[in-house]
Amino acid sequence: MTFKAPDYYQLDELYSDEELLVRSSVRKFVEERALPLLPACFEEGRFPRELIGEMAELGLLGANLEGYGCAGIGPVAYGLALQELERGDSGLRSFVSVQGSLGMYAIYAHGTEEQKSRWLPELAAGKKIVCFGLTEPDFGSNPSGLQTRADTAGDEYILNGNKMWITNGSIADVAVIWAQCDGEISGFLVESGTPGFSSTTQKGKWSLRTSDTAELHLEDCRIPSDCRLPKTTGLKAPLMCLNQARYGIAWGAVGAAMACYSEALDYAGSRVQFGSPISSYQLVQQKLVDMLSAITASQLRCQRLGRLKESGAVRPQQISLAKRDNVAMALECARNTRDVLGANGIMEEYQCGRHMRNLESVKTYEGTHDIHTLILGNDITGISAFGEGG
Amino acid sequence: MKLLVTLKRTPQRDARIRISPEGAALDLENVQFEVNPFDELAVEEALRIKEARGEVEVVVVSVGAEECEQQLVSAMAMGADRAVRVHHEGELDSLQIARALAAVVEREEPDLVLSGKLAVDDECGQVPAMLAGLLGWPQASQASDIKLSEDASGATVVCEVDAGLETVSLSLPAVIMADLRLNEPRYASLPGIMKAKKKPIATLGIEELGELGSARSRVTGFRALEDKPPGVKVGSVDELVQALEEKKLI
Numbered sequence: 001m002t003f004k005a006p007d008y009y010q011l012d013e014l015y016s017d018e019e020l021l022v023r024s025s026v027r028k029f030v031e032e033r034a035l036p037l038l039p040a041c042f043e044e045g046r047f048p049r050e051l052i053g054e055m056a057e058l059g060l061l062g063a064n065l066e067g068y069g070c071a072g073i074g075p076v077a078y079g080l081a082l083q084e085l086e087r088g089d090s091g092l093r094s095f096v097s098v099q100g101s102l103g104m105y106a107i108y109a110h111g112t113e114e115q116k117s118r119w120l121p122e123l124a125a126g127k128k129i130v131c132f133g134l135t136e137p138d139f140g141s142n143p144s145g146l147q148t149r150a151d152t153a154g155d156e157y158i159l160n161g162n163k164m165w166i167t168n169g170s171i172a173d174v175a176v177i178w179a180q181c182d183g184e185i186s187g188f189l190v191e192s193g194t195p196g197f198s199s200t201t202q203k204g205k206w207s208l209r210t211s212d213t214a215e216l217h218l219e220d221c222r223i224p225s226d227c228r229l230p231k232t233t234g235l236k237a238p239l240m241c242l243n244q245a246r247y248g249i250a251w252g253a254v255g256a257a258m259a260c261y262s263e264a265l266d267y268a269g270s271r272v273q274f275g276s277p278i279s280s281y282q283l284v285q286q287k288l289v290d291m292l293s294a295i296t297a298s299q300l301r302c303q304r305l306g307r308l309k310e311s312g313a314v315r316p317q318q319i320s321l322a323k324r325d326n327v328a329m330a331l332e333c334a335r336n337t338r339d340v341l342g343a344n345g346i347m348e349e350y351q352c353g354r355h356m357r358n359l360e361s362v363k364t365y366e367g368t369h370d371i372h373t374l375i376l377g378n379d380i381t382g383i384s385a386f387g388e389g390g
Numbered sequence: 001m002k003l004l005v006t007l008k009r010t011p012q013r014d015a016r017i018r019i020s021p022e023g024a025a026l027d028l029e030n031v032q033f034e035v036n037p038f039d040e041l042a043v044e045e046a047l048r049i050k051e052a053r054g055e056v057e058v059v060v061v062s063v064g065a066e067e068c069e070q071q072l073v074s075a076m077a078m079g080a081d082r083a084v085r086v087h088h089e090g091e092l093d094s095l096q097i098a099r100a101l102a103a104v105v106e107r108e109e110p111d112l113v114l115s116g117k118l119a120v121d122d123e124c125g126q127v128p129a130m131l132a133g134l135l136g137w138p139q140a141s142q143a144s145d146i147k148l149s150e151d152a153s154g155a156t157v158v159c160e161v162d163a164g165l166e167t168v169s170l171s172l173p174a175v176i177m178a179d180l181r182l183n184e185p186r187y188a189s190l191p192g193i194m195k196a197k198k199k200p201i202a203t204l205g206i207e208e209l210g211e212l213g214s215a216r217s218r219v220t221g222f223r224a225l226e227d228k229p230p231g232v233k234v235g236s237v238d239e240l241v242q243a244l245e246e247k248k249l250i
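If you read the sequences in order, they're chains A and B. Taken in order, the first sequence gives residues 1 to 390; the numbers are from my numbering. Taken in order, the second sequence gives residues 1 to 250; the numbers are from my numbering.
Read the hints as simulated data drawn from the structure, not as lab findings. Keep in mind the model is a prediction, meaning the values are calculated, not measured. Hints are supplied without guarantee of correctness; some may be wrong.
Derived DEER-like restraints, expressed as beta-carbon distance ranges [claimed, not checked]:
#1 GLU66(B) with PRO224(A): 36 to 46 Å
#2 GLY213(B) with GLU32(A): 39 to 49 Å
#3 GLU66(B) with LYS4(A): 17 to 27 Å
#4 VAL219(B) with THR368(A): 57 to 67 Å
#5 LYS4(A) with GLY221(B): 20 to 30 Å
#6 ARG16(B) with LYS205(A): 36 to 46 Å
#7 GLU150(B) with SER311(A): 49 to 59 Å
#8 ASP17(A) with GLY221(B): 30 to 40 Å
#9 GLY67(A) with GLY213(B): 44 to 54 Å
#10 SER236(B) with GLU32(A): 25 to 35 Å
So, partial list: chain B residues that the calculated Cβ filter (under 7 Å) puts toward chain A [as the list claims (entries may be wrong)]:
#11 VAL31
#12 PHE33
#13 GLN70
#14 ALA77
#15 ALA188
#16 SER189
#17 LEU190
#18 PRO191
#19 LEU209
By construction, the Cβ of each residue, glycine as well, lies at the ideal position given by its N, Cα and C atoms.
Bound conformation, chain A alone:
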C-alpha cells in the first residue's frame, strides 16, 4: 500500500513533475525495501548496510551535487527525497545526510580537482563511506574552540585529537577531520587504516539506533600534505557543510511527522472505546488537527525554503528556523501519536515510539534547538547571546 501523505494545502500542485518523480521513487524504495528492515535494525542497534548499494543505485548519495557520478537534482527534489527517507527512519536519513551533505559536500566545495575525482565517484556509488569529524567531547555547540590539531612536519601533517558523536564513524573509509592548523580551522581527509587513526563505536544509544555513531581518535596520525582540503580556512568551511545538512533535516523531520500523523489517524479511526472509534471524540480530534496544522505549516516552510535555495537567495538563518521548528514540530507529533495510540504507542510494531526516540537526537544534532534559537535571536536583534567565548 503506497503511503498517502497528508497534503492539506495541495502543495503537490507546486512541485514539478521531476520533483514528484523523485519523491515517488524514494517513497517506493522506503516502503518496499527499507521499512520491512528498519524496526528490527532499530531493535538490534544495527545500521542496514545491505541498503547502501540500493541507495547508491537510486542515486541518493550526494544526489544534489553535479558531476562525479552524482544525480544533480535540485534542492526541492533533494528535500523531498530526504523527507521520504526520514519517514522510514531518522537513522537512515542521517546516513544519507552525512555521506552526501557533509562528507561529499565538503570534498565537493572545498577539495582539489584530484580529491574530488578520487573520492566523489566512489562515494556516490556507495563503494566508499565518508564521515564528518567536527564535534569533540568538549566542543559541541561551540566548534570554534575545537582542540584537534594538525601540525606541519615536512610534507606531512601530524594530527592529534578526539572526535565524538560521529555518524558513520566506524564504517567510514575516509573521514573529513576538522582541526586547528596555523591558527585556523581547516579540513583534512584521513583514510581508515592510517596509523594513529582509530574509531570506537558508541554503544548504548536509545536513539538513532539504525545509524552508526563513533568516537574517532587521532594519535600522531601522519597524513600527506595533499590530504588537506585547500579551500578551508576558518569555521565558515564546516558551517557551509552544516547548512546543507540542516536544510535536509528540515525536510526530513516533516517525513517523520507525516509517518506519525498517518499512524495516529489510522489508529484513531479503528480503535473503538465507549462504543465509538476514538477519532469521534473531541480530545482526539484536537490532537489530530494540531498535528495536521503543524505539518502543513512545516511543508509550506520547506517548499519556500527550497525555492529560496534554488534561486541562491537562502540565508543560513532561514535554514536555522526551519531546522529548529520542523524538528520540534515532528517531536511533538511523535509524542501526540504515542498518546493517541495509548499503550500500543510504546510497542515496536508501531512507528511513533521509534520516531520519538530518534527525534530527540535530531533535535540536538546539527545545531541544537537552543543554538538555532540564539542564531535567530542574534539575527533579529543584532545582539549575540552565545556567551563570552562566542
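Starting from the known structure of chain A, arrange chain B on it as the hints suggest.
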C-alpha cells in the same frame, strides 16, 4: 534492434475511486496516476533486453491527452530512450486504440512490441491482442518469462495459463504481453529522472494515423457494488445446518 512498449496512464493502484452521483462518470479529482503496473513490467522487460544485448532502442508509446506525458517520462526515467504520444482527448474503444497503435508500429517498425496483459483501470485486456491481429503478428499473452533467440529472429515465451505454464515459441516481430511474475520493475533512479527531462517525446495527432473506425462499444454508466451484508458466526455444525435451512439454502 528496436522495442516498442505500449503504456497507459491509470489511477494509482490503491486509489479510492468514487462514482459521480448520477453514475455517469468516475470522479478522478485528487486521484494520483501512474504507469499501468502491467505496462511497467513490459518497460522493465524491454530495459533488461536492452541491457543484455546492447544495441537496442526502447521506445514507449501512449495514446492520450497531454497529462499522459508524465507516465511516458516515468518510463524514460526508468531508462526508455524516447517516447511517442498519440494525442487524443476523450473516449476511444479498444479497437480504435489498437488501430492507432498499429499505425505507430507501421511508422516505427519495431522488432517486438511489449505490453501489459491488461490495464488495471478497466481490465479489458483487449488492446495488445487486437494490435497483433491488426498487424498479422504472432502474440504471446500472460508472459512470465521471455527469451529472445541469439539472432533476435524469434522468442520463447512462458505463458501463465489456467492449467499451469505453457511454453510457446514465436517468430519476430511479435506482440508479447507481460504478466505479474515476469520481473520486478526497477525504481526510476534520480540520475535517470534527470536524464529523462532531455529525452524526446514526439506527439502525433490521432487524425494523422488514418481511419480508426467508429467506437463499437461505449460506457453507459457506473454503479458501485452493493455492500455485502455482514456474516454470522455459528457455534457448531448443527447450528450451521439449521442456519442454512432457515435461509432455504439447503
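task = Starting from the range 25 to 35 Å, see whether the pair SER236(B) and GLU32(A) falls in it by beta-carbon distance.
result = violated (44 Å)
ask   = Given PHE33(B) was flagged as interface, is its beta-carbon under 7 Å from a beta-carbon of chain A?
value = violated (11 Å)
query = Does the nearest C-beta of chain A fall within a distance shorter than 7 Å of the C-beta of ALA77(B)?
reply = holds (6 Å)
request  = May I ask you to test the hint 17 to 27 Å on the CB atoms belonging to GLU66(B) and LYS4(A)?
outcome  = Holds, at about 26 Å.
key: Restraint outcome when GLN70(B) is required to lie within 7 Å of chain A by C-beta distance   = holds (5 Å)
message = So, as I understand it, the hint says LEU190(B) touches chain A; can you test that by seeing if any CB pair is closer than 7 Å?
response = holds (3 Å)
key: Cβ distance range 49 to 59 Å for GLU150(B) and SER311(A), holds or violated   = holds (54 Å)
inquiry  = A closest beta-carbon separation below 7 Å is what the hint needs, so does ALA188(B) meet it against chain A?
reply    = Hint on ALA188(B): holds, closest Cβ of chain A at ~5 Å, below 7 Å.
Cβ separation of ARG16(B) and LYS205(A), checked against the hinted range 36 to 46 Å = holds (40 Å)
ask   = Would the hint on LEU209(B) stand, with a C-beta cut-off of 7 Å toward chain A?
value = violated (26 Å)
ask   = Is it true that the C-beta distance of ASP17(A) to GLY221(B) lies inside 30 to 40 Å, as the hint says?
value = Once the Cβ atoms are compared, 33 Å apart, the range 30 to 40 Å for GLY221(B) and ASP17(A) holds.
request  = State, for the Cβ atoms of GLY213(B) and GLU32(A), whether the hinted interval 39 to 49 Å holds or is violated.
outcome  = holds (42 Å)
When held up to the earlier numbered hints, the structure conflicts with 1, 10, 11, 12 and 19 and fits the remainder.
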